[in-house]
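S.K.: Chains F and U are the protein sequences, given in the same order.
Start counting the first sequence at 3; every next residue gets the next number (my numbering).
Start counting the second sequence at 31; every next residue gets the next number (my numbering).
Think of the hints as simulated: they come from the structure by calculation, not from any bench.
Treat the hints with care, as some may be off.
What the hints assert, rightly or not - With a cut-off of at most 25 Å between alpha-carbon atoms, the simulated BS3-like pairs for lysine-lysine come out as follows:
no., chain 1, residue 1, chain 2, residue 2
1, F, Lys-212, F, Lys-193
2, U, Lys-426, F, Lys-193
3, U, Lys-426, F, Lys-212
4, U, Lys-521, U, Lys-426
Stated by the list, open to error - DEER-style ranges, computed between Cβ atoms:
no., chain 1, residue 1, chain 2, residue 2, range
5, U, Ala-245, F, Ala-170, 38 to 46 Å
6, U, Arg-435, F, Leu-93, 36 to 44 Å
7, F, Gly-249, U, Arg-249, 54 to 62 Å
8, U, Arg-482, F, Lys-212, 40 to 48 Å
9, U, Tyr-72, F, Gly-164, 36 to 44 Å
10, F, Ala-236, U, Asn-295, 52 to 60 Å
11, F, Glu-169, U, Gln-592, 50 to 58 Å
12, U, Arg-435, F, Ala-80, 29 to 37 Å
13, U, Asp-427, F, Leu-93, 31 to 39 Å
14, F, Glu-169, U, Ala-245, 37 to 45 Å
15, U, Ser-503, F, Lys-212, 32 to 40 Å
16, U, Gln-248, F, Ala-80, 28 to 36 Å
17, U, Ala-286, F, Gly-164, 56 to 64 Å
What the hints assert, rightly or not - Not the full set, but computed from the structure, chain F residues with beta-carbon under 10 Å of chain U:
no., residue
18, Leu-133
19, Thr-137
20, Ile-191
21, Leu-221
22, Gly-243
23, Leu-264
24, Leu-266
25, Ala-267
Think of the CB as a built atom: it goes at the ideal place given N, C-alpha and C, for glycine as much as any other residue.
For reference, the chains in residue letters:
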Amino acid sequence: MSTFEFLRYATLGQYVPVGSLVHRMDPRFKILAFALVVAAVTFSGTYLANVILLLTVFLLVALSRVSLGQALQGVRPALPVLAFLAVFQVLLPPQTFGGEACNLIWQWGFVELTDCTLRFIVVSTARLIELIVLTTLLTSTTTMAELAYGVEGLLAPFQRMGVPAHEAALTVTIALRFVPTLALQMERIVKAQIARGADFGTAGRFRFVKTTRRLLPLLVPLFLAGLRRSENLALAMEARGYTGGKGRTRRVKLRARPADYLALAAAAAFCIAMLNVDFATLGRALAAWLGQF
Amino acid sequence: MVLLLTEPSSVVFFAASRLPIPMEGAFFMHATEPLIEISRLYHTYEGSGTEPIDALRGVSLTIHPGEFVAVVGTNGSGKTTLARHLNALLLPTRGEVRVAGLDTRQEAAWPAVRSQVAMVFQQPEDQIIATTVEDDVAFGPENLGLPADEIEGRVRWALETVRMWELRNRPPHLLSVGQQQRAAIAGALALRPRCLVLDEATAMLDPAGGREVLALLQRLHADGVTIVLITHHMAEAVLAERVIVLSEGGVAFDGAPRRFFACPNHVTRLGLELPPVADLAARMVRRWPDFPAGLFDLDDVVDALAFRNVQIEPLSFTDPPFASNGRPSVAARDLRYTYLSGTPLAVRALDGVSVEVHAGESVALLGATGSGKSTLLQHLAGLLEPQDGHVLIAGKDAHARQTDRRFLREQVGILFQRPEEQLFETYVGDDVAFGPRQLGLDREAVRERVRRAMEAVGLPFLDYKDRFTQSLSGGERRKAALAGVLALHPKTLLLDEPTAGLDPQSRRDLLATLRHLNREEGLTLVVATHNMDDVTALARRVVVLEEGRVALRGSTRQVFSQAERLRALGLDVPAAVAVMAALRERGLPVPAGALTLDEVEAAIVAGTAPLPVSETERGDL
Numbered sequence: 003m004s005t006f007e008f009l010r011y012a013t014l015g016q017y018v019p020v021g022s023l024v025h026r027m028d029p030r031f032k033i034l035a036f037a038l039v040v041a042a043v044t045f046s047g048t049y050l051a052n053v054i055l056l057l058t059v060f061l062l063v064a065l066s067r068v069s070l071g072q073a074l075q076g077v078r079p080a081l082p083v084l085a086f087l088a089v090f091q092v093l094l095p096p097q098t099f100g101g102e103a104c105n106l107i108w109q110w111g112f113v114e115l116t117d118c119t120l121r122f123i124v125v126s127t128a129r130l131i132e133l134i135v136l137t138t139l140l141t142s143t144t145t146m147a148e149l150a151y152g153v154e155g156l157l158a159p160f161q162r163m164g165v166p167a168h169e170a171a172l173t174v175t176i177a178l179r180f181v182p183t184l185a186l187q188m189e190r191i192v193k194a195q196i197a198r199g200a201d202f203g204t205a206g207r208f209r210f211v212k213t214t215r216r217l218l219p220l221l222v223p224l225f226l227a228g229l230r231r232s233e234n235l236a237l238a239m240e241a242r243g244y245t246g247g248k249g250r251t252r253r254v255k256l257r258a259r260p261a262d263y264l265a266l267a268a269a270a271a272f273c274i275a276m277l278n279v280d281f282a283t284l285g286r287a288l289a290a291w292l293g294q295f
Numbered sequence: 031m032v033l034l035l036t037e038p039s040s041v042v043f044f045a046a047s048r049l050p051i052p053m054e055g056a057f058f059m060h061a062t063e064p065l066i067e068i069s070r071l072y073h074t075y076e077g078s079g080t081e082p083i084d085a086l087r088g089v090s091l092t093i094h095p096g097e098f099v100a101v102v103g104t105n106g107s108g109k110t111t112l113a114r115h116l117n118a119l120l121l122p123t124r125g126e127v128r129v130a131g132l133d134t135r136q137e138a139a140w141p142a143v144r145s146q147v148a149m150v151f152q153q154p155e156d157q158i159i160a161t162t163v164e165d166d167v168a169f170g171p172e173n174l175g176l177p178a179d180e181i182e183g184r185v186r187w188a189l190e191t192v193r194m195w196e197l198r199n200r201p202p203h204l205l206s207v208g209q210q211q212r213a214a215i216a217g218a219l220a221l222r223p224r225c226l227v228l229d230e231a232t233a234m235l236d237p238a239g240g241r242e243v244l245a246l247l248q249r250l251h252a253d254g255v256t257i258v259l260i261t262h263h264m265a266e267a268v269l270a271e272r273v274i275v276l277s278e279g280g281v282a283f284d285g286a287p288r289r290f291f292a293c294p295n296h297v298t299r300l301g302l303e304l305p306p307v308a309d310l311a312a313r314m315v316r317r318w319p320d321f322p323a324g325l326f327d328l329d330d331v332v333d334a335l336a337f338r339n340v341q342i343e344p345l346s347f348t349d350p351p352f353a354s355n356g357r358p359s360v361a362a363r364d365l366r367y368t369y370l371s372g373t374p375l376a377v378r379a380l381d382g383v384s385v386e387v388h389a390g391e392s393v394a395l396l397g398a399t400g401s402g403k404s405t406l407l408q409h410l411a412g413l414l415e416p417q418d419g420h421v422l423i424a425g426k427d428a429h430a431r432q433t434d435r436r437f438l439r440e441q442v443g444i445l446f447q448r449p450e451e452q453l454f455e456t457y458v459g460d461d462v463a464f465g466p467r468q469l470g471l472d473r474e475a476v477r478e479r480v481r482r483a484m485e486a487v488g489l490p491f492l493d494y495k496d497r498f499t500q501s502l503s504g505g506e507r508r509k510a511a512l513a514g515v516l517a518l519h520p521k522t523l524l525l526d527e528p529t530a531g532l533d534p535q536s537r538r539d540l541l542a543t544l545r546h547l548n549r550e551e552g553l554t555l556v557v558a559t560h561n562m563d564d565v566t567a568l569a570r571r572v573v574v575l576e577e578g579r580v581a582l583r584g585s586t587r588q589v590f591s592q593a594e595r596l597r598a599l600g601l602d603v604p605a606a607v608a609v610m611a612a613l614r615e616r617g618l619p620v621p622a623g624a625l626t627l628d629e630v631e632a633a634i635v636a637g638t639a640p641l642p643v644s645e646t647e648r649g650d651l
């Protein structure tokens, strides 16, 4: 029962205040640059491209002065999934991935491993690791408030077209603000009901009604508390003069510096390069060149 | 907005503020126009499918700039409704509310009204909007559409005023409750209001947190801010220059606290209680009808006692030794516990705590917010597994593999903070029956347990079993939650802040119930509380925690004789003990061990030969 620590699982992003170059970036530019690098990751399907991407990602980790352990903390929970996907891929009948010719490299009974499957497994594992580390990097170098400012700033130009930029940002902020609070509340309710003899385990497969009934002592109070909180919050916001986004100003004026433009330009150039270079050909050329020695 | 706050930095904001309302300094306050005018205000809540509730019935009052007003009254007397009319959060059903001359029914006036009358609510965590303190304080000024550099300046000023500037980057859930409430006050102050309304804003705070907030209010008041303090604590109400008493939606009294508390019968009839000094004076009046009535200041009481040449008998107060039957009901041995261990946010909650509670005892667990009280209670209930050390419940290791969960549930019950939140059934009876049903008892046995549990907490079974849970008052809901735990027939009951947020009447009721359960039914009690008066009412023994360690332990009398030490630990002594210490300081030999006003009264009376009772013209008002 020592798993009674809901806050542990409710840390959406753990900001690490070490104040690096990456920390100091304008959040709007950081989010855009992040999106560009993620795009590059998404469309890179070769060994060579992923070697380059992994190097880039870890270069970014070094630049942001976040410890390697912190950067990789999101990877460990994903490992079982990755292992499962790999096994699944091997057990499936060999696929051809866009009609290339594939060579069998290992066979055991009906289980066949072709070079295409192997590449698929290695590349998807690498991409997932890159994505997780990138996301961890974004949340450990950017506070929730900055993220909200960034989203609002990016959506602001579209406000005239009816995009509720301010409302979206505020909704995100409040949601993030209340995640830990509700987690603590739920923890307290669970403990209180367990102390009264409640059992929140499942009642057995397919006995959905009974299982749901068992959760009522948890769900009803949580729901009521949520309603009460949102009423209180609405009142508190109104009391402080909130009437919607109109006529509001912000404390933090986002001001892009030359370094921000430079970083965004670098990210864009990197993304375009990754999308346009024919890594398959380059890889073969590299292999041929290495083969000369 | 007005130049009310005397910091030099405020001059800058004055020029930029949007609503300049001319006002003179504090000396001319009542000469200026009233800040808030309420005339014949009615407010009716239209329930869906239920009877409409008239929360306010013809309230008329005027609040002038610079006043310090306390609003008191029982739960349901209309305090909160009135407060919400002061800044247009509610609009009159009938009648009129004007803030600085602006009618609150005009929607166009709301921004002006709300920036002049700011509000702080009871639940600190529900009024913090942003993910950091700094961003939250900026929320109000941002709504006012102020330029960024002025917002920055106001945030800094507000946070420095509440002494939270160093914590500006903290996320709200990592603040203590007291800090959260100060952040909320900063959020209100950043609007640069002329008036601050606090709706039971100290109810959830520990003594040190409460003292800090009250000191802050007095500073703000000295700077000319109008304060409207809604409170259940009469000791807070006496800080005000004026007290408004609400009863059933009407104003039952409006005037100086001294005058209100001069009529003890009136105070009791309104469901309130006397502040300790006035209580002592009223007791003297009951003994000696010629004792001057309506004394309110400690000095006056001392003078009056001296004038009568009162001799105080040096009685010694001791409690009969507690007969323990040997084996502790619950015990903790060298507990250590760290929340979020292994993360950057790790917090050590318990650092080697050992406690033993014997059957039939009542022990109070004291300590500032964050000292580890709740964590210790949850260990004693077997809900948290110790990271180091042992928890023994009825002699068995709570987390040994062979210990039966059900056995533990039947030994120890726990009532968490705000237990009314754990109610989930539609009807009260069903909710109380939840525990016994989980034990698999038959229908009759469940019914019998529910009946006895409900009667024990003072909710008559037949009257209450078919009532809607959500339709009960706050105090009744708390009793229902207590019944739900008692229905499990625990031998030990652990309570976390059982009286927080209750009005004086409900609080006395609940304390009497718990005392009865302990003294008559033999239920062992462990009570974690911030309220020192709860301790004298319930506990014979006190354990004080500080940063996860036991800082003090001993009988209630021993512990409360160490006022200095307790204050240093962020705590306090009960109001009666403070009064007696003050009497001693003024040379009256009040016995040191006395804990309650009853005991002081006994000592004073024992030392004084009864005077012939003269039927003077002055009866009880």
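S.K.: Each hint: holds or not?
M.R.: Comparing the hints with the structure gives:
1. Straight-line distance between C-alpha atoms of Lys-212(F) and Lys-193(F) comes to about 20 Å, which keeps the hinted pair within the 25 Å bound.
2. Note on Lys-426(U) and Lys-193(F): the hinted pairing holds, with a Cα-Cα distance of about 21 Å set against a maximum of 25 Å.
3. Between the alpha carbons of Lys-426(U) and Lys-212(F) the distance comes to roughly 33 Å, so the proposed pair goes past 25 Å and is violated.
4. A hinted pair counts as satisfied when its Cα atoms are at most 25 Å apart, and Lys-521(U) with Lys-426(U) qualifies at roughly 14 Å.
5. The hint said 38 to 46 Å for the Cβ distance between Ala-245(U) and Ala-170(F), and at roughly 41 Å that hint holds.
6. Between Arg-435(U) and Leu-93(F) the C-beta distance comes to about 42 Å, which sits within the given range of 36 to 44 Å.
7. A hinted range of 54 to 62 Å for the beta carbons of Gly-249(F) and Arg-249(U) is inconsistent with their spacing of about 32 Å.
8. Judged by the Cβ atoms, the range 40 to 48 Å given for Arg-482(U) and Lys-212(F) is violated: they are separated by roughly 29 Å.
9. At about 42 Å, the CB distance of Tyr-72(U) to Gly-164(F) agrees with the hint of 36 to 44 Å.
10. Between Ala-236(F) and Asn-295(U) the Cβ separation comes to about 42 Å, which falls outside the hinted range of 52 to 60 Å.
11. For the pair Glu-169(F) and Gln-592(U), the beta carbons lie near 55 Å from each other, so the given range of 50 to 58 Å is met.
12. Separation of Arg-435(U) from Ala-80(F) is about 34 Å and conforms to the stated range, judged on CB atoms against 29 to 37 Å.
13. A C-beta distance of roughly 47 Å is found between Asp-427(U) and Leu-93(F), which places it outside the suggested range of 31 to 39 Å.
14. In this structure the hint that Glu-169(F) and Ala-245(U) lie 37 to 45 Å apart at CB holds, the actual value being about 39 Å.
15. Distance hint for Ser-503(U) and Lys-212(F): a CB-CB separation of about 34 Å, consistent with the stated range 32 to 40 Å.
16. At roughly 56 Å, the beta-carbon separation of Gln-248(U) and Ala-80(F) lies outside the given 28 to 36 Å, and the hint is violated.
17. Range check, Ala-286(U) to Gly-164(F): Cβ separation about 57 Å, and the 56 to 64 Å hint holds.
18. Because the smallest distance between the Cβ of Leu-133(F) and any Cβ of chain U comes to about 23 Å, over 10 Å, the interface hint for this residue is violated.
19. Proximity of Thr-137(F) to chain U is violated relative to the hint, the smallest CB-CB distance being about 18 Å (cut-off 10 Å).
20. Hint status for Ile-191(F): holds, given a least beta-carbon distance of 6 Å to chain U, under 10 Å.
21. Checking Leu-221(F) against chain U: minimum C-beta separation of about 8 Å stays under 10 Å; hint holds.
22. Here the hint on Gly-243(F) is kept, as its CB sits about 4 Å from the closest CB of chain U, short of 10 Å.
23. Hint status for Leu-264(F): violated, given a least beta-carbon distance of 25 Å to chain U, over 10 Å.
24. For Leu-266(F), the suggested interface contact is broken, since its CB lies about 24 Å from the closest CB of chain U, more than 10 Å.
25. The closest approach between the C-beta of Ala-267(F) and any C-beta of chain U is roughly 27 Å, which is over the 10 Å cut-off, so the hint fails.
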